[in-house]
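Novice: Protein chains in written order, with our numbering: chain A, 1 to 855; chain R, 1001 to 1305.
Calculated from the structure, these hints are not laboratory results.
Bear in mind that the values here come from a model prediction, so they are computed numbers and not experimental data.
Some hints could be false.
As the list claims (entries may be wrong) - Covered stretches of chain A, going by a simulated chain R footprint (3 or more residues, C-beta under 8 Å): (1) 78 to 89; (2) 477 to 485.
Stated by the list, open to error - One-sided excerpt, in silico: chain R residues whose CB lies under 10 Å from chain A: (3) GLU1120; (4) PRO1125; (5) ASP1182; (6) GLY1186.
As the list claims (entries may be wrong) - Label-pair ranges, simulated between beta-carbon atoms: (7) A:VAL376 to R:THR1074: 45 to 51 Å; (8) A:ALA4 to R:THR1074: 51 to 57 Å; (9) A:LEU303 to R:ASP1189: 39 to 45 Å; (10) R:THR1074 to A:PRO461: 27 to 33 Å.
For each residue, glycine too, the CB sits at the ideal point set by N, CA and C.
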Amino acid sequence: MLKATLRNFLAHKGRLLLSALAVVLSVAFVAGSLIFSDTVSRTFDRLFASTSADVTVTPREDLDSQIPSGATPTVPASLAERVARVDGVADTHVDASVEGVTVVDSDNESVGPTTGAPTIVTNWYVTDRSPVKLTSGHAPEGPGQALLDADTAKNKSVKIGDTLTVLAQPGSFKVEVVGIATFTTTNPGAALLFLDTPTAQTELLGSSDAATGISVTTAPGVSDAVVKQRIADELGRNAYEYQTADEQAESAAADLGGFLDVVKYVMLGFAGIAVLVGIFLIVNTFSMLIAQRTRELGLLRALGADRRQVRRSVLVEATLLGLVGSTLGLAAGIGLAFGLIALMSAFGMNLKSTEIVIGVATPVSSYVVGVGVTFVAAYLPARRAAAVSPMAALADAEIAGVGRPLRVRAVVGSVVGAAGAAALVGCAVSTDTGSAASLLGLGVVLTLIATVIAGPLLVRPVIRVLGGAFPALFGTIGRMSQRNALRNPRRTGATAAALMVGLALVGGMSVASASMTKSFDQEIDRTLGADFVVQNQNFMPFPQEVTDKVRDTDGAGLVVRQRFAPVAVRLPDGDRIKTTAAAYDPRLDEVANVTYARGDTAAALADGAIAMDVDFARDHDVTIGSTIPVEFQAGRKTELKVAALTDQGTSDGFGMQGGLYFGFGTVEKYVPDGQDSALYVNAAAGTGPDQLRSRLEASLDPYPQVQVRDQADYKELVRGQIAVLLYLVYALLGLAIVIAVLGVVNTLALSVVERTREIGLLRAIGLARRQLRRMIRLESVVIAVFGAVLGLALGLVWGVCVQQVLALQGMKALAIPWGTVVAVVVGSAVVGIVAALLPALRASRMNVLAAIAHE
Amino acid sequence: MPTAAPEHAPGRAEADGIAARARGLTKAYGSGETTVLALDSVDVDIARGRFTAVMGPSGSGKSTLMHCLAGLDTVSAGQVWLGETEITGLKERELTRLRRDRIGFMFQSFNLIPTLTAAENITLPMDIAGQRPDQAWLNEVIDTLGLRARLKHRPSQLSGGQQQRVACARALVSRPELIFADEPTGNLDSRAGLEVLGFLRQAVDNLGQTVVMVTHDPGAAAHSDLVLFLADGRIVDEMERPTAEAVLERMKRFDTVRAVFDGGDAPADASPGPAPGTASGPAPGTSSGRSPEESEESPESPDKD
């Protein structure tokens, strides 16, 4: 029996090719993502472990925020002397290091990475932990000298002797590049500029006694933990943050882990899609192979093989396929990981010197996924094979398995579909974001399953309509292709399902993103009253000089500043909420339209006052006049009185929970070194907006980190942010389509083989090759469009439900991107044509006589 | 051996013209030592308006002869004409058109497209050509074959005999110059077989069609006007106004001759096939108990995986 199975496997290897490819793709993504993240984490673990100081003393901070205030927390540099006296400390260094600084060259072009990785300006000192070494020039001495890292120097063509301008928070200053430092370890992608320590302290931190931390080298024979304990005892346990090298590496790895997790989950998402779509392909392949082998299986049964043996022989074949696919997939995954690492290098994260890390989990999960998927997908067809009766050997070989009723599918499909629909309706009417989101998730999964199960039932009605015009348009060839697509609803359904999954995703996401864009557009139209907004691309803060330049620009009238401050508020209901508050200049009303439920802008921005969203206030028992204790960074605290409640409709999101804001005086008092995040500018009387714009752009030329935007530009910026999400979805879609195309190719190719005699007959009685190709193409198109229509219908429903959830977040507009919908349908027809290329060619090349003589 | 060959001279007088003819038609499979001659320099004329049967044991080359005459297969040497058109040397596309417009086909089985109704199958060649069938003629054909009530049925809803009648209607409807029927009764019981043969006879007698039928059933051959006997790729004899008995006798004799001449060296593919010698007696239309004749097609069969 095993021998027969092996023979079969080898005999059908051509027909199993595409199934194997689907397994290979799935496994490649699983293995690739695991190898990549293992490799990168190992690399960075080593980097952090080898470059972290034994012990560090840094400012204690529990108010981290994604939206920075622009202030750099510091410790007194004099701490270094106290730390140096602690027993077991061999050496100390003062750190003066600032991230998110803009450094520009003489053409006012930023030398920082374009990838969003930070530019770090720091003080230069050499220990055996330094990640860089001086490779040309000399170390910076005194103000006006700096070292640049070699990668940045190369990428931005900066040479020794060039002058750079550092746009730091206290003020910008010029430095001459006196040396180049080269990474001795992996370059994580940042740009590094080194100053001497006193310059870094005064120019970056604004004080010669300021430091961003103290790095400690421990004496031999004393453990880091012991030294850390002694330093903490000396300086006060809660006064600062103390970390050993291991702890730093851990927290650095955790920070990086966030990014790596994103990459990993994206990759696993790809793997998931590949697996899901691949399953359909494999199910179809085995179903068709078994249908073709009905007689042979019947003969085996007649000769005495029992059902279990027949089933086992199919499953063994599937397992072999899985093993081969997994092995190739594992190899492809290693290639994929190499590719990703090369891609990272292109983005400045230089990983080229690292060796690939393959953990035990990688091959294990590869084989589990590969073999598991194949086995599961082949199980139903295997059962069907086992059900073949010995009589089948004697019966005339008509294609089996066409007419079996779909009742079970109808029942299961409608039950699951009803449950899914109920969940989606529940999601649409829910008023709580959390429960709406979980209902949405449930509804999406259930409706997807229901559609997959019920897909074959929908084949007849939908394809009747879709292909209804075929006989009129393409005559009898159109009729035959439409009927061929209807011939085996199960097969057509499973083939189309592969395409459906991807397109449902894209449909849902495009509705969601179009709705978000429209909502933001409306929001911007409604609230933004300023002629221009001066702002960083990433909404990051910028130095005071920018504000000064804008104010000094001829024709600039009102300038309203916006600053952010991470805060923690203790609310009357006892909750302590960490969020980000905004601060504005008094004449906010002239640049923005704020809707108030209670109070007004003047009250909200008064000294000692705070405003918040009315819903947030209600949820936390806040009323007008409530006194709220507010904590700022660096342990500063105050109490603010609630003076206004806003009703903007958009409260949450972007880390701005509660929509807190107060007067500019408050933020200047409690976050003294903060930087502005946005400037709302109106033209002065007598100056046209276009005139002002060109003047603003001229005066902001030295500050490439900020841009001048009017309402339209601002919408564009927001759209750009949303589009990033879409690109990911499109990439996922691309993969899903590739595999779906493989599925269509697979189905058609196997159908062509199955219909060899029919094709031979058609050719014999005078069907031209061209007509035959067209027949197969049309069948392919109708299957692909069927999948697209099903997927889009599902996706649109999902998208509307997603929008309902978003509406709870204030994004109330619903937009359905009909252009995208039409493009997808047309695109799916093209997909159908492409998928039919090879099968059609194969069919038209078929030898007429051989086809007639088949079997 | 082919004692009858000289008698079979081209250009027979009594028929009203020649529907198809072949000169020096040779078809070889394989090359070098393993060359098998399926047709060995065959000269043949198919008279218009007559019912010609081609008989011969398995491997005699009768199906190959039909395939070559119908433009389904290429020839190794020689020439073939359909009417005045020389089809040897036509391009694939022209051959396809020729088959579509000028030839009708019936095969032993799998004659119909399963997704099309009987009516759609009947008009298929004309639909493919984008031509409208002659409605009056179509009706006549449908009524002659008694298919009026079956037009909306799919092939799977038809009996074997009905399916062959639909195939026959399809072959007739475009009024081709020549109808080729390859073992049209091979898969039918005797009653349905007789019915189909009757229709082919009617097509010739009443509708003026030309039919060439390949068969190894003497009973079926007896319905024809002329039987051509093939053996080892040559036309070895012919018989006008055949009866089943005479054909069977001829086949028997022919087997004996072969046995005498070839002895044990008979090629493997020239197996006795229908084994007429074992038949209990001449039974017209008897088609049961025969093994499917497959070995004949095998030399160029596709990868049967």
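Novice: Hint by hint, which ones does the structure fall short of?
Specialist: 1, 6, 8, 9 and 10
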